[in-house]
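Keeping their order, the protein sequence lines are chains A and B. Be aware that the first sequence starts at 1, since it is given in full-length UniProt numbering, and climbs by one per residue. Be aware that the second sequence starts at 1, since it is given in full-length UniProt numbering, and climbs by one per residue.
Don't read these hints as lab results, they were simulated from the structure. It is possible that some hints are incorrect.
Simulated DEER-style distance windows between Cβ atoms [to be verified]:
no.	chain 1	residue 1	chain 2	residue 2	range
1	A	Asn44	B	Thr301	21 to 29 Å
2	A	Pro182	B	Leu100	33 to 41 Å
3	A	Glu215	B	Arg55	36 to 44 Å
4	A	Asn44	B	Arg195	14 to 22 Å
5	B	His309	A	Arg76	46 to 54 Å
Note that the structure is a prediction, hence the values are computed from the model and not measured. Think of the CB as a built atom: it goes at the ideal place given N, C-alpha and C, for glycine as much as any other residue.
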Amino acid sequence: MLAGGVYAALAPPAQAQDAPGFSAAALEGKALFEVGCVTCHGRNAQGVEGRGPSLVGVGSASVLFQVGTGRMPLARQEAQAWRKPPQYSDEEVRQLGQYIQELGGGPQVPEGDLTRGADLSVGGDLFRINCSQCHAFGGGGGALSSGKFAPSLYPATSQQIYAAMLSGPQNMPVFGDTQITPEQKADIIAYIQQVLQDGQDAGGFNLGRYGPSTEGVAIFLVGIVALVFASLWIAGKS
Amino acid sequence: MSRRRGKREEPSGPGLRQTSRFDVVREGARRDDIEIVHYEPQARPGSAAERRLTRTVASFFFLAGLAATAFLVIYIWWPWRFQLGNGSQRLYTPLLGITLGVALLGIGFGILTWGKKLLPKEVSVQDRHDTPSSPQERELTAQTMLYMADELGVKRRPLLGVSLLAGLAPVAAVAAAPLIGGLIEDPHENNQLFRTGFAPADDDGLITLIRLVREDGRAVRPADISAAGQLTVFPGIPHGVSNRYADSPTLLIHLREEEAQTARANNLRAGKQDYMWANYIAYSKICTHAGCPASLYEQQTNRLLCPCHQSQFLITDNAKPIFGPANRPLPQLPIEVDDEGFFVAKSDYQDAIGPDFWERP
Chain A
1 MLAGGVYAAL APPAQAQDAP GFSAAALEGK ALFEVGCVTC HGRNAQGVEG RGPSLVGVGS
61 ASVLFQVGTG RMPLARQEAQ AWRKPPQYSD EEVRQLGQYI QELGGGPQVP EGDLTRGADL
121 SVGGDLFRIN CSQCHAFGGG GGALSSGKFA PSLYPATSQQ IYAAMLSGPQ NMPVFGDTQI
181 TPEQKADIIA YIQQVLQDGQ DAGGFNLGRY GPSTEGVAIF LVGIVALVFA SLWIAGKS
Chain B
1 MSRRRGKREE PSGPGLRQTS RFDVVREGAR RDDIEIVHYE PQARPGSAAE RRLTRTVASF
61 FFLAGLAATA FLVIYIWWPW RFQLGNGSQR LYTPLLGITL GVALLGIGFG ILTWGKKLLP
121 KEVSVQDRHD TPSSPQEREL TAQTMLYMAD ELGVKRRPLL GVSLLAGLAP VAAVAAAPLI
181 GGLIEDPHEN NQLFRTGFAP ADDDGLITLI RLVREDGRAV RPADISAAGQ LTVFPGIPHG
241 VSNRYADSPT LLIHLREEEA QTARANNLRA GKQDYMWANY IAYSKICTHA GCPASLYEQQ
301 TNRLLCPCHQ SQFLITDNAK PIFGPANRPL PQLPIEVDDE GFFVAKSDYQ DAIGPDFWER
361 P
């Protein structure tokens, strides 16, 4: 009885100390974290050796990208996390992000329209200089080393693209605001969404937008077969 | 030549005039040992079938002409510049393909129909000569060739032969020009294979170190690149960001503390002390295998990948190749920060940039 009484008296302040100054959203996020993320990232998001990295200082941008695109929770340990249907709602992603943000700080994706006042041609220039080497000129992505790859940009939302540039998920380099300013990020996002994701393929079929090699192979295979049958037909008729 | 082989009696001149032209052709073929064994006109001249077929063939050709004209018109006047939305410029390429295709098909079908339906059906047989020609026949042919050469009169009129040679040799040289042309320019002019735009400017003994600038010419401060970030930089000189200094693009990478320590230790081991500045390291962007931009930076594994042939370089160990066809590390640019806080190259690259070449030490 005494022990219980002492516990009851001491427990609430102890809990309050555990979460100093967290906002309501962060507390919701903390609750979600302790159910879904704690196994790999540890009780205080400090990381678990061999399972998951520390999340201190990664910021809400990282949460927005990793959880918002369904990459986290991870299905299994492998070369790279894949995009999956998200396990958490937008609101829950925001709460998780708020928790990680208040826990250790880090980059944040600004609110509002991320493509306002964007200049498409500047965005195209910046895309070709900074992004196209890995994500390919058409935005379809490409291979990296040992099973890793740069993903396709077609399903990415403006928030996710912004978050990826800020946080540098997995093997993507970080493009901080001093290197690519928020205005330039808006240009790039506008270019990706309005030019690349729009699916304007003048020839009709884009064949994955891999470029002339794919198109050459396709026309060779289709064209040669057609020509073979055409010459057979002509030879048979004469 | 083969007419001489004719064994039949040559018909006399007046006889030829009495036969039809077909008979003459048949006779001519016969003298070449070709026998027309079957001949059947398909469409009677002046028949309805012939008129119909003529119209078909003609319409194919007209169609081809129409499509080709349409191709030209579209090629010149159709809007082709890229713009957003579903504008008519989207149809530019497909329309060119369709009109050109219809034109070529029109010509093809026209000729095929003409040949298969309008022309008479004909089967001719020619005997094969199994044995070589007789020595006599060969002698005759040889003499004929020599006679032709004599008739040309090059021997008697040498000027013709000389002018022919002098006139035609340059024409042959035209074909060879693009192959030989590349060998004329001296590749070592101004030591250009070993110099990049980062070579410090020497103005009468006043040495100026070259700044690292972005593609728009702005100088780079350390704070511009986040940890695990990279930036392509160029020499801060006139035309530094142009093809005139195509060997100069450089990757400036900001490593994390731990990896920077490894990189610095490996630099030291390779005799490249103080090539890095703090946690920043700079490597040539030009792959040492075939000269592609090796700029696929994996920030977790600290590798640089080349997209052309999948060469991989380890950033934390002097950019040594660890996979793929490249066999030489990416050259490293020694960097520091000047008094105004901008990155400069302490010196030019110490290794030759890009793919190997014969005289590379």
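Going through the hints against the structure:
no., hint, result
1, A:Asn44 / B:Thr301: 21 to 29 Å, "holds (27 Å)"
2, A:Pro182 / B:Leu100: 33 to 41 Å, "violated (47 Å)"
3, A:Glu215 / B:Arg55: 36 to 44 Å, "holds (39 Å)"
4, A:Asn44 / B:Arg195: 14 to 22 Å, "violated (54 Å)"
5, B:His309 / A:Arg76: 46 to 54 Å, "violated (31 Å)"
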